[in-house]
Amino acid sequence: MELISLTLIGMFAAICGSIVGLGGGFIIVPSLALLYDLPVPQIVGTSMVVLVFSSVSSTLAYAKQKRIDFKSGILFSLAMIPGSIFGAWITNFITSRDFFISFGLFMLCIAASMTFKPNKGKRLSLHPTTSRTIVDSTGNQYSYSFNSWIGITIAFLVGFISSLFGIGGGSVMVPMMILLLSFPVHIAAATSMFFISISSFVGSISHMLFDHILWTKVLFLAIGSIIGGQLGAKIAAKLPEKTILAALSACLTIVAIRLMFK
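Per the working numbering, the very first residue in the sequence shown carries number 1; after that it's consecutive.
Accuracy of the hints is not assured; some may be wrong.
Stated by the list, open to error - In silico lysine to any residue, SDA-like type, Cα no more than 25 Å apart, as pairs: (1) 71 with 138; (2) 64 with 132; (3) 242 with 135; (4) 238 with 85; (5) 64 with 234.
What the hints assert, rightly or not - Distance windows between CB atoms, simulated: (6) 98 with 5: 40 to 50 Å; (7) 60 with 261: 31 to 41 Å; (8) 78 with 261: 34 to 44 Å.
By construction, these hints were calculated from the structure, which means they are not laboratory data.
In this text, all values refer to a predicted model and were calculated from it rather than measured experimentally.
Idealized CB from N, CA, C, for every residue including glycine.
My request is simple: use the sequences and hints to build the entire structure.
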């Protein structure tokens, strides 16, 4: 039953994470924390490895849809790498209680950001330095401009947070890409999964060196994540965005409160 549960958790996390480009760690981390009495570094390290599988699976699906901004994704990935290494190291010095409270507060912030989605006219341009035009597989064209230096700075901080909490980083990066960098929502979610696959790989190597990974749990979580990543990308193209964000926001709020009082 434990192995089946882990597989289902991995699948559900990947589906939800892929839909909005969050990676799924926001479900895997609290699930491991609530189901097992594990040290924080092992929870974070195990989640980070699973994110490699789910994000790669989602990336392949989004690549077929031609919604990934590969140039921006590579740029942000390079900025996230040093932050990911630093975040993995910091986990060695955090107590369980401090981690759960911090992570719970962080998830509440994510939930709040999901409920607030500005109109295009309210997004901040912040002196754009780069312009992109992407045409997806269905013929939809997306044109947008953003400040690459601000994107790089945000990506570094996201790399640190993602490795510290064992999440993909999309929970911070996607809202920032939409609010501050003016990315279209569908492009932001797809591109997020691409650079999460890179940053989570680097973060996993760092956690591996610190011996933070429970490989048996990784195996079954990863099996579910690979399947869920494909399903999530397909579902994302069909479901109304507001419905998805509202449901995830409610779930995040409930889990965050449960973790803070663990």
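A quick look at each hint next to the structure:
Restraint check for residue 71 and residue 138: satisfied, since their Cα atoms lie roughly 21 Å apart, inside the 25 Å limit. Of the supplied pair hints, the one linking residue 64 and residue 132 holds, its CA atoms being roughly 19 Å apart against a limit of 25 Å. Note on residue 242 and residue 135: the hinted pairing holds, with a Cα-Cα distance of about 23 Å set against a maximum of 25 Å. For the suggested pair residue 238 and residue 85, the alpha carbons sit about 36 Å apart, so the restraint of at most 25 Å is broken.
The suggested pairing of residue 64 with residue 234 holds, with an alpha-carbon distance near 11 Å, which does not exceed 25 Å. Separation of residue 98 from residue 5 is about 27 Å and departs from the stated range, judged on CB atoms against 40 to 50 Å. At about 39 Å, the CB distance of residue 60 to residue 261 agrees with the hint of 31 to 41 Å. Remark: the range hint 34 to 44 Å for residue 78 to residue 261 is upheld by a beta-carbon distance near 39 Å.
In summary, the numbered hints that this structure violates are 4, 6.
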